[in-house]
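Protein chains: 2
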Amino acid sequence: MVKAELIGHVIRWYRKEQHMSQEVLSGLAGLDRTHYSKIERGLRSPTIETLFRIAGALDVPPHMIIETIEKEVEKSTI
Amino acid sequence: MVKAELIGHVIRWYRKEQHMSQEVLSGLAGLDRTHYSKIERGLRSPTIETLFRIAGALDVPPHMIIETIEKEVEKSTI
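So the sequences go chain by chain: A and B.
Following the numbering used here, the numbering of the first sequence begins with 519 at its first residue and continues without gaps.
Following the numbering used here, the numbering of the second sequence begins with 519 at its first residue and continues without gaps.
If you're looking for bench data, these hints aren't it; they were derived computationally from the structure.
One thing to keep in mind: the hints can contain errors.
Identical chains share a label here; the pair holds if one copy fits it or two copies do between them.
[Unchecked claim] Under the rule of at most 30 Å between Cα atoms (straight-line distance), these lysine-lysine pairs were calculated in the DSS-like manner:
id: 1; residue 1: K556; residue 2: K521
id: 2; residue 1: K534; residue 2: K521
id: 3; residue 1: K534; residue 2: K589
id: 4; residue 1: K534; residue 2: K556
id: 5; residue 1: K521; residue 2: K589
None of these values were measured; they are calculated from a predicted model.
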């Protein structure tokens, strides 16, 4: 199973790759900053709707983020 | 933006393609049947963790479901 911590880790990785702050990303995504911060820390599991908002703000296709999560799940279970 | 109804519609499509009942799919995914039914009807937006459970039960990669949702979003906004 995929864990919220791993999802948060991957989303943080994408944000940092784009040199965005949590403030900028959550603003662009139209998400509450505290809620977004909880997602990165694995304290909240984002919904698919939230995934699409975050991916839109990062300008990457949502399925790419999911594919990265899948690869991380595989790595962690080998 | 992606809507819960569209997400539910795509998940239902995948389930029917595999000739599975809601009972079988929710059982395999380890999800409460009522909760699963609400997802298909667009009354609940599934989390990424729930997406991985559903995809596992359907034996398809989670990102494939997301890619299908992306295509449907594109169609509905053209």
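Here's how the hints hold up against the structure:
When the C-alpha separation of K556 and K521 is checked against a cutoff of 30 Å, the pair qualifies both within a copy, at 14 Å, and between copies, at 23 Å. Both within a single protomer and between protomers do K534 and K521 lie at most 30 Å apart by alpha-carbon distance, with minima of 20 Å and 28 Å respectively. Taking identical chains as interchangeable, the C-alpha atoms of K534 and K589 lie at most 30 Å apart whether they share a chain (19 Å) or sit on different chains (27 Å). Within a single copy, K534 and K556 get their C-alpha atoms as close as 16 Å, which meets the 30 Å cut-off; across copies the closest is 35 Å, which misses it.
Proximity of K521 to K589 under the C-alpha cut-off of 30 Å is found in both arrangements, the shortest distances being 13 Å within a copy and 27 Å between copies.
In this structure, none of the earlier numbered hints is contradicted; all agree with it.
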